[in-house]
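Colleague: One letter stands for each residue in the lines below.
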Amino acid sequence: MTARDGPGRITDAFASARAAGRLALVPYVVAGYPDEATSFRAALAAIDAGADLLEGGLPYSDPLADGATLQRASATALANGATLERSLALLERIAAARPTVPLVPMGYANQLIGGGDGAARARALADAGASGVIVADLTPDEGGPFERAARAVGLAVVYLVAPTTTAERRSWVASRSSGFLYCVSLVGVTGARASLPASVGRLVRDVRAVSPVPVAVGFGVSRPAHVRAIARTGADGVIVASALVDALGPDGTDLAGFTRLVTALRDATAS
Amino acid sequence: MTTRTGIVHEIAARRAADLERDLAGRSRTELERLAAAAPPPRPIAERLAEPGLHLIAEIKRASPSAGAIAADTDPIARARAYEAGGAAAISVLCEPHWFGGSVDDLVAVRGAVSVPVVAKEFVVDRRQLPLLRAAGADVVLLLAVLHPARRLASLVRAALDLGLEPLVEAHDAGELERALATDARLVGVNNRDLRTLEVDPERAVRLRDAIPGDRLAVAESGVRDAAVLAGWRAVGYDAALVGEALMRSPDPRATAASFVAAGRMPADPAASDRVPFVKICGVTDEAGALAAVRAGADAIGLNLAPGTPRELSLAEAAGLAAVVRAAATPGHRPQIVAITVDADAEALRAIVAAVDPDAIQLHGDESPGQAAAAGRPVWRAIRVPVGATPDDVGPILDEASVWSAAGAERILLDASGGPHPGGTGRRIDPAVAAAVAREVPVLLAGGLDPTSVSDAVLAVPAIGVDVAGGAERPREPGVRPVKDPLRVALFVKRARAARWDRPQSPARPTPVPAGLLEADATGRWGIDRAFGGRYVPETLVAALVQLEDAYAAVRDDPRFWSEFRELLGRFAGRPTPLYRADRWAADALARARASGGSADHRAGDGGADREPLPSRLRVYLKREDLAHTGAHKINNALGQALLTRRLGKTRVIAETGAGQHGVATATACALLGIPCVVYMGAEDVERQAPNVSRMRSLGAEVIPVTSGSATLKDAINEAMRDWVTNVATTHYVLGSAMGPHPYPTIVRDLQRVIGDEAAAQLAFVEGRLPDLVLACVGGGSNAIGLLSRFIGEPSVRLALAEAAGDGIPTGRHAAALLGGSPGILHGARSLMLQDADGQVVEAHSLSAGLDYPGVGPQIAALYEAGRLEVAAATDAEAVEAVEWVTRTEGILPALETAHAFAVLPRLLARTDRPAQDGWSPFIAPWPEEAIVLVGLSGRGDKDLAAIARWEAAVAAGAAR
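In order, the protein sequences belong to chains P and Z. Take any residue in the first sequence, note its place counting from 1, add 298, and you have its number in the working numbering. Take any residue in the second sequence, note its place counting from 1, add 981, and you have its number in the working numbering.
Source of the hints: derived by calculation from the structure; they are not laboratory data. These numbers were taken from a predicted model, which means no experiment stands behind them. Glycine is no exception: its CB is placed at the ideal position from the N, C-alpha and C atoms.
Partial pick of chain Z residues on the chain P-facing surface, computed with a CB cut under 8 Å:
hint: 1; residue: Gly1514
hint: 2; residue: Arg1515
hint: 3; residue: Glu1519
hint: 4; residue: Val1522
hint: 5; residue: Ser1688
hint: 6; residue: Ile1805
hint: 7; residue: Val1821
Pair ranges (Cβ atoms, derived):
hint: 8; chain 1: P; residue 1: Ala492; chain 2: Z; residue 2: Val1935; range: 48 to 54 Å
hint: 9; chain 1: P; residue 1: Thr551; chain 2: Z; residue 2: Thr1687; range: 19 to 25 Å
hint: 10; chain 1: P; residue 1: Ala418; chain 2: Z; residue 2: Arg1626; range: 43 to 49 Å
Computed far set for chain P versus chain Z, every beta-carbon distance over 12 Å:
hint: 11; residue: Asp303
hint: 12; residue: Arg339
hint: 13; residue: Leu342
hint: 14; residue: Ala347
hint: 15; residue: Gly452
hint: 16; residue: Arg526
hint: 17; residue: Ala529
hint: 18; residue: Asp565
Here chain P stands alone, though its shape is the one from the complex (with noise of 0.2 Å):
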């Protein structure tokens, strides 16, 4: 394989989004929910209806990040036989399928480091075909050998931003993520909410005024109506994750009512 350029990749596929004059859309699936198919499928699906990138969760018996929606996804997708091999080749298989669209994975920490550096995980998504990397209890505090490891493989390394992240560590934290910068919207774990915090236009401008990358705004989106109050706040990004697995049904197999989320998700970025 040539010298991949994730961080590249993912830069590109904000700013072709924003010369059209929106906002780039990142739906969230879960690798191997509720089974290996259905998620591929849903991947394909989230594309089609027009991901700019596509977010993969990696299953985690521990996912303390999350809430009770991707609770439940990554435990199902482990109980029906996920591993991180399957996941990986899932996401090879999808890369394969739509190679235009950058692929962002997203795990935690002793996934993708554990007791090591992590060189070996990095290359292994790399070869896979991702073109970032989102660890949901990295910081740049503890994510020195990490990126090391991704940049040697040209993997983006996407840190977090959130609303008591202070001024000053804001601006260091932006300056250490690569491909773009994650901007969690609220004070909490992952889920869909009714409405979104009144305080998200202030912080989405305040980060966006110190990041070097493109800024995507996540935890809470659930709505056409939140992505079009997110343009409004000038973000780059959307990601939306707990509605979509939620969209999916009970079950997980709802492709339809997937597909029309994403779809009006999609519609929502361009006002």
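Once you have looked at the hints, place chain Z on chain P.
Modeller: Here is chain Z on its own, set in the frame of chain P:
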């Protein structure tokens, strides 16, 4: 100079006008004659220099801030009540217009009590001083706010000339600077601003460090209750002047007694273990020798080195030694040390014959070979050049080890560079002294005085200090220096108090890699700093940083630790007993023999892992089961509840497995009135129903967690999710020494009282350290709490017992050390149970408190470094051990603790060798008489139902 406005200047002006009238025509000579005729002054300084905080109780009928308080009080009855309550002195208001006082009150009180009396007067004219002395005053108040620096200093000198002890009162840094520029020995800080009458209750605490240790510090105003006085004692005040709180008491004797009690040094075996040995060196006269005895010095140095400034003749030294022997309480006599420089054998024989010292200090160029010829135990002074840097410690350490090997009983570090050995009055670079004192036990000498000694013992983990010039009167040329009794007393007091309320200050050598003792700035532990850290969602970083900052302040705040100790004592039942379990020990030794350990200590031919067993075994149990709520968990819960208050947070969350931490946290929250939510795995809620009821009775909300395996790890996940959501108002009271930085440090610090106490208690009954310290380990809070004190003691083996569940080979266990691998769990890198994908593997143990797939990072670091031996007990072995201990000792231990009992016979027979080799140099053969310390972490009532269910299931399985 501040503007002369405000109530204090109004009062002063009125006082000046009064004096114009009262003193018209009276000459200074006449007034001084009156003063000279007064009964001799009663000394106060020596009393205040005794350990603790002393009460100066005030008689005050009214005040500008409070108005009339007790206008028609009987000053004599009240003063006698104060004295009966233990007040060190009585203060009497003399100002008539605002305070309703009078000199007549002073005269009456002075005649009615035998303690010194303070004239609380607004002194605006030096002629007031002889008048007050004539009325019987022993101490006079001088307000810095009323006087520019030169006048204040001259008033102080005038008072001293009359035999009146001045107490100079300041209320801010500027006034304090003027007060300290005088010769006053007593310096007060008033929380009340006398211009505005406003009280800032933290003012005295903030300003304490600005008062040098050779002054007596008095705190004033703002005493709501006895706890304020306990805090002032902890930060180093020598006295508290209390007025209104006593005047408003219906029972002044009782209230005074409660205030006096709050000022005493609290009993604390763990703290006494940190107190440095104090040697008063170069005593030259009887007064100095008596001062050292009275202050409770551990040793007195008599200098017999010819040509040195404090040289004594043999006869003088013998005389002073006799004074010390006659004055000291039997059993508490300071050791008498003869200081010599290059004395020959004949001179040493003469010294021994004449002075009969307890030790000879060799302070010259003697060689270690001469130690044996001294005729008494030898103390060696190693001279350290003042300009030495930490790079120069190698030769110093070499010299110390050569002398130790030659039998030197103690090693002193003294600064060199002056004309004579020792006594240069110069200080060794603290970094150099600390580098040496971390490796070998030393007494620190050179340039110490009552002002510097406190910082020195906090910066240097020396086991003792030595003072000569720093405790003397100002030198006069050509005159042999003499000790100042007050400086001697203050030196001893400051040295002893420095670490009392600072349990985190190292007090002895810890010759192990630093990474095994403390985390670095990023929270990493281990020789390579491979464990710990902070792996958390970004949302939590701010809260962890806030916690880290708040805890950094608390760690150095003696008031926090004083309050914590008080709660542990009054509420939680500390110190917990150390119990010698003889019947069980005999049984354990018999089992060890039966398992193949050799009974013949001298044989030593039992093969590589069969070393001789001890001939006798004494097992001591540290009885945390007797702490309130039945386990060690209360220590951490109370400490973190206090911390919650400091953080300004209003809600507490906690996780719990067996329910012990949940109960402890709910208890601490009930005590302090903080709402509490406990997350508990749904499976554990079922297994531990009695603890769920206890938590709910205590007012806590118990939330069952059904995600994942519905056990402890999932409860932690859910607590973290709550914390992520409510971080602004909520403190997460983590229950074990694990989790993201700074939790492993905080929980360890709060639990280390277990081992600190046990070491002191064991020293009291056995006079030495244990040979082996053993605890059970789940997350590791009781383990690290017990072990911390001993990590840096190379002679002590450390061992932990993990839960092997159905057996480690079955994969159904909770042995993160023996059966785990490095990974990241709950915010920190450590050892954990996981699969090849990094998925956390569920732990299995009948013991809910050990049923956790990880372990704290410091323990992982100790294990990887080879500083720990680890063994594991199965559920079956633990259940058997519960019954074994209960039947032989009448103590029902928790199932968790039972794992430790189960593995001890194997550890004795040494069939469990350290799994890791590498760095550890610690394995030594058993002594003939071995002492083992076991952490009895909790009581076992809670487990009886679970054990019965387990036994029934086993029986059913066997029947099939």
